[in-house]
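**Q** With these hints in hand, go ahead and build the complete structure from the sequences.
Residue strings, one per chain:
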Amino acid sequence: MSLKQRGSLVGRQDRPAERPAVVEVVAGTLFVVIAVVGGWSLLTNPYLELGQVGSDPGPGFVPWLGVWAIGLGGLAQIAWVLMRARAAGGLRGRGKFVPARLWLPVLLIVSMVLYHAALRALGFIPASLLFAVPWVAIIHWRTGERFTARHLVQLPLEASLIVAAIYVVFHYGIQIQFP
Amino acid sequence: MTEFLPVALQLLTDPGTLALACLATFLGIVLGALPGISSTMTLAVLLPFSFSMSPGVGMVFLIGAFYGSVYGGSVSAILLNIPGTPGSMVTQLDGYPLARRGEAGKALTYALLASTFGGIVGLTALVVFAPTLARAAFAFQSPEYAVLMIFGLSMLAYASPGSTFLGILAGVLGLLLGTVGLDMITNLSRFDFGVSHLQAGINLIPFAVGIFGFAEILRLLEQPIVVEKAATRIGSVWPKFTEVIRTWATAVRSAIAGVIVGIIPAAGSAIAVSMSYAQEKKLYEKTEKFGNGNPRGIVAAETGNNAAVGAALIPLLTLGIPGDTMTAVLVGALLIHGLQPGPKLFTDHPDFVAAIYLALALTILLTFLLALPLMRIFARLLSAPPRFLYVGVLVLCVTGSFAVQNALFDVLLMIFFGGAGYFMLKLGIPTSPIMFGLVLGPLLEENLRRTLIVYGDWAVFFQRPVTIGMLAVTAVVLMLPLVDIARHRFWPSPVARHD
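Line order of the protein sequences matches chains W and A. Residue numbering for the first sequence follows UniProt numbering, starting at 1 and increasing by one per position. Residue numbering for the second sequence follows UniProt numbering, starting at 1 and increasing by one per position.
Calculated directly from the structure, the hints in this document are not laboratory data. These figures come from a predicted structure and were not determined experimentally. Even glycine gets a Cβ: it sits at the ideal position worked out from N, Cα and C. Keep in mind that a hint or two might mislead.
Said to hold, decoys possible - What follows is a set of in silico ranges between Cβ atoms, one per label pair, in the way DEER data are often shown: (1) S55/W / Q405/A: 27 to 37 Å; (2) E49/W / F193/A: 44 to 54 Å; (3) P134/W / V226/A: 14 to 24 Å; (4) V252/A / V153/W: 18 to 28 Å; (5) L283/A / V33/W: 47 to 57 Å; (6) A278/A / S160/W: 30 to 40 Å; (7) W458/A / V33/W: 25 to 35 Å.
Said to hold, decoys possible - Here are some chain W residues the structure puts well away from chain A; computed CB gaps all over 12 Å: (8) L48; (9) G93; (10) P105; (11) V153.
**A** Below, the structure written as structure tokens:
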């Protein structure tokens, strides 16, 4: 055993073996799920076999290779984490995944989907204003600053400024036709 | 390089191009300086603006933003003690203590001078080595290209932060995403799930904007946003000439280290600055203290960081392999303009290659000219309310994704990949290898199948010296996580054994 290895082992004696987090199993599961969905998509595509001509393995070859790789890789990840968990006496409840912190990111994702829908229904400027005004206020609140009567005017004005600036640059600057 | 002069003259005499270069450099410095906005995010968000430009002018714009953001990273590192970009994480060690002593101006000037010198060395390396490497790469045929893509993807996945194994799986996932849509040889569709928009494949821009823009804002929203107070006293901006000259050897050594690290695919600027700083610390360990405002520390970090910028363009332009996430976004820009990075770029579009050289040279000069007089303004901008920036970036993510093809479906893709990227990061899955897979995947598939069609079987990969060498290195890289697993399994720590 090298000196470096011995050193690291000595170092480890001071702290208990770290339990792997549940999210590490979820990460492996995610890859397995993606592989299953991908594999199902390839299996239900009857045309892919038609592409195998001569020594060309066909259009399904690389996708199948990838699907198998991430499927088996995902399984290996799950197995490896469970092995470590058994050695360490169980799994840790959470890693970087703290559900209590997720509500605002989830709200933003939902808002963006609604923004996308509103773009088609209302057009760029109204949809962007409907999105930007509340989010300027939310981020203002997130910085821990107080709301005063002045902000009733200032925040919508700032949101309008952002939308107007982006509209002008894209529409008049690079000739984008917005919905 | 006879094509260089007309292109240079054309670009330099066009006031519109020069104004655009100034704007891009300014935006790059400001966005790079703002904590939470990385160089990659800056590039991803500004990329859609380049659609309406000619390829050369588009590159002037993007490289301006790219290089500007790399310098901008040092501004927040020095004034706020928060690195604006990963490459400036070492700059803060000596920059911030200097700023706290009321010498922020000097620290910023050291960073600027070092950035300029590093940038010039990186540019020189690009001009000297890129054509030579491109000529060598001309000998490559489809087997070499196929293996090169596997090699590049493995290296990029390996070097990504977080779990190596999950990084490799993420790279393969990116490769799968690259196969979505119509197959280029048979025109048969894969993974379209009955959605006609997906038959055209996954566009790089909504993907990059989602993964590097939207996902970053989601991450920043998790916790209360802290508005840091910048060191407002800039003080004198000019250090003594003798003090500057004293650091010349540091600058030269760090520039060389930056170039060497920058050329290696996937090594990235963070490794370049760490190496440069560690090297100087070791050399001067008996005579100087680092970490308490030593200008040599700033010079080492910033020279290495900026030398790596030009060097990272070498594997991108000559082999088509992005060196890091920033150059991967640049690949997206090239593809939008119908240009495939690789050795053919040098023969088919020498004017474009010249435009890239010129863009980098112009940006280095503009950063130097803009940063000195605007130093105080940059310091004030750091205290601007984050709501402007965050909401601005979000609306830009939507408009930028839409602008690619005037398609609302691309906006939906951006939201999907941003959300997915955010949750993957929460699960500890690095997302940058997905981008590398998406960029390199189609090239890998094309060259792999072309090889099998032309040569008939797989044996060809084991009969050519270049492919054998690259496969061997790839195998070692791919085996490393397994070695680690075996080490933990068969030689567990004493505590684990005891349990």
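**Q** Which numbered conditions among the earlier hints are violated in the structure presented, ordered from lowest to highest?
**A** Of the numbered hints, 2, 4, 6, 8 and 10 do not hold.
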